[in-house]
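Taken in sequence, the protein lines are chains B and C.
Taking the numbering used here, the leading residue of the first sequence gets 168, the next gets one more, and so forth.
Taking the numbering used here, the leading residue of the second sequence gets 59, the next gets one more, and so forth.
The hints are simulated quantities; they were obtained by calculation from the structure and are not laboratory data.
No experiment lies behind these values; they were computed from the predicted model shown.
Here a beta-carbon is modelled for each residue, glycine too, at the ideal position from N, C-alpha and C.
Hints may contain errors.
Pulled a few chain C residues facing chain B out of the computed Cβ check, cut under 10 Å [claimed, not checked]:
{"#": "1", "residue": "126"}
{"#": "2", "residue": "220"}
{"#": "3", "residue": "244"}
{"#": "4", "residue": "322"}
{"#": "5", "residue": "339"}
{"#": "6", "residue": "353"}
{"#": "7", "residue": "356"}
{"#": "8", "residue": "359"}
{"#": "9", "residue": "361"}
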Amino acid sequence: MSDSGTLLAFKAGRAFRREGTNFVDPSPTKGAIILRKEDDLLHLIWRNRTTNEAEEDLILFPSDATFSKVSQASGRVYVLKFSSSDQRHFFWMQDASSARDEEFVNNVNGFLMDPDYEASWSSSSQPEASTSATGASSSSAPSGSQATPEQLAQLQQLLSTAMGAGVPPPSEMSLNDILTPANITPLFVSHPNLIPTLFPHLPPDLPTPPSPEVLQRIISSPQFRSAVSNFDQALRTGLLGGLVRGLGLPEEAGTGIEPFLRAIQRQADQERGEDSMDTD
Amino acid sequence: MSGDDDSNGWQLTESDPGVFSELLKTLGVPLIVDDLYSLDSESLSSLQPLHALIFLFKWVSTPSDTMSGTYDPDFPGFFAHQVVNNACATLAVLNALGNIPSLKTGSQLAELMEFTNNMDPQTRGLVVTSSDWLREAHNSLSPPSAISLDGLGLPKQTEDAYHFVVYLPSMGSVYELDGLKPHAVRHGSYDETGEGWLSRAREVIENRIATYPAGALDFSLLALRDDPIPALQAELAKYQAAGKQTEAAELVVKLESENFKRNRWNFENSLRRHNHVGLVHALLVALAKAGRLEPAKENAKTVMKERIAKSKTRGEAMDES
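Construct the complete structure from the given sequences, taking the supplied hints into account.
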């Protein structure tokens, strides 16, 4: 998928009117609303974030549609209405915070009125928001709204988190497959001196004093596995520069799994060098 | 609904008896939660006195309108709506605790219950979930924030929406308290004799499970019960005083198994609270020093490739681990 035509994207699910009633039931499926410009036509796409399928692709003509809150509904339910037909499409906001709902809606309506509209964002919510995306619209956009390569890269990153089931870009490998009991247990056997050096990293409030057995049990525990998994996912965002510095690693180690592991290898080589000098 | 919605600082916690029991301890309540693997009389009677059943489930698909029981808008007991996400486990526990007659609780919980007395379910839900100490008690068993992915917009693998529904006896009827429903649901009166409310509750839960197509419902059942340790200890002392060695020995075995379980819960809870990044780092450095990191990486890459290929052939989005 090329992202160059994407104008706007945010997390939203669909909602459906119950047959014969005015009730609108939100569907729990995770999705995203994406506004794109293709061949000078404005598309409103609803993408399922679990399957990554575009399940709805509506072509919108300028000033034909409006996106507004359903005031009768208690939740964050919105309806896309057309002046040319009585079609209705219901959606509900799925971002964790409702803080930016209004902003998204205003920008959606801006594009619905005029596909050459320029999205406006409150500056405070810019880069961290992770669910919004602004970018250059198309070549027909006035010069000056062209995105810089940095902005495009940021857009790509924001989009990849906003969509694709929210799954960060697939990685070549996962830390879970490296820190397996099968990889670690032989290390404990060949380097028994390592074991006590790991004790300071264990929870301080364990009901049993640390021992090789306890360490083994921790490494195989679902809690540790899930912590590794969380860390792995966080690394894949490439945003852990600050955190890895705390581990004595250079900031670029926080930009991904491969850079992280490369930095670890360098750190290990350095420490090993120091160790051998000590013993000389 | 999904964890994407507003969570107001409530973190997702694991639905594990050890987590619930730790929460109950913090609330100053002499109860524990145990897994329930079967609804048969024998399993239930071994857990008596049993105050409530917590049915937790994940929708895979929702059956059409098959609600059983009747809404009771005048339910005089404690019922709070679930107004923020991730609080569902704690809210279910409160909905249960609030309806156990003459329950001993810590002062903070007693005050909260007192304060929300006579409030409508929605307001009560809002008040309960805006309670800082309760949120802290709930959050204390979720992973430390240093590695929490909050705000990065990433999916958490445990994010799947588990929903919690409480079944308990109140004023001669079995009630279902579901924080996402407008009212308490009454499932009819029960007979005090024999198994009492449990026999009615079993029927209701079994019927509910049966409304879902096979395999469409992922669920488990938890039992909210008296902490058995004090009773076991008292009984043991009695038998020992009376010189009944055989009976005493049996109780010692039961006590040991309860204590063993507590020990496991404490162990797991301390792992849940801990930030494991230091251990992860130390292990990786150790692997690297031993020259085993590179081979492990190569192997992990192969495993990942196979996983992607497999998920492609299944036509699914990649979702490892």
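Results for each hint:
1. For residue 126/C, the interface hint is violated, since its Cβ never comes within 10 Å of a Cβ in chain B; the closest pair sits about 20 Å apart.
2. About 12 Å separates the beta-carbon of residue 220/C from the nearest beta-carbon of chain B, more than 10 Å, and the hint is not met.
3. Violation of the interface hint for residue 244/C is found here, the shortest Cβ-Cβ separation to chain B being roughly 24 Å, above the 10 Å cut-off.
4. Checking residue 322/C against chain B by beta carbon gives a least distance of about 9 Å; that is within 10 Å, so the hint holds.
5. With a least beta-carbon distance of about 5 Å to chain B, the hint placing residue 339/C at the interface is held under the 10 Å criterion.
6. The interface hint given for residue 353/C holds, since its Cβ lies 9 Å from the closest Cβ of chain B, which is under the 10 Å cut-off.
7. Nearest Cβ of chain B to the Cβ of residue 356/C: about 9 Å, under the 10 Å cut. The hint holds.
8. For residue 359/C, the shortest C-beta to C-beta distance to chain B is roughly 5 Å, which falls under 10 Å, so the interface hint holds.
9. Hint status for residue 361/C: holds, given a least beta-carbon distance of 5 Å to chain B, under 10 Å.
Comparing the model with each numbered hint stated earlier shows that hints 1, 2 and 3 do not hold.
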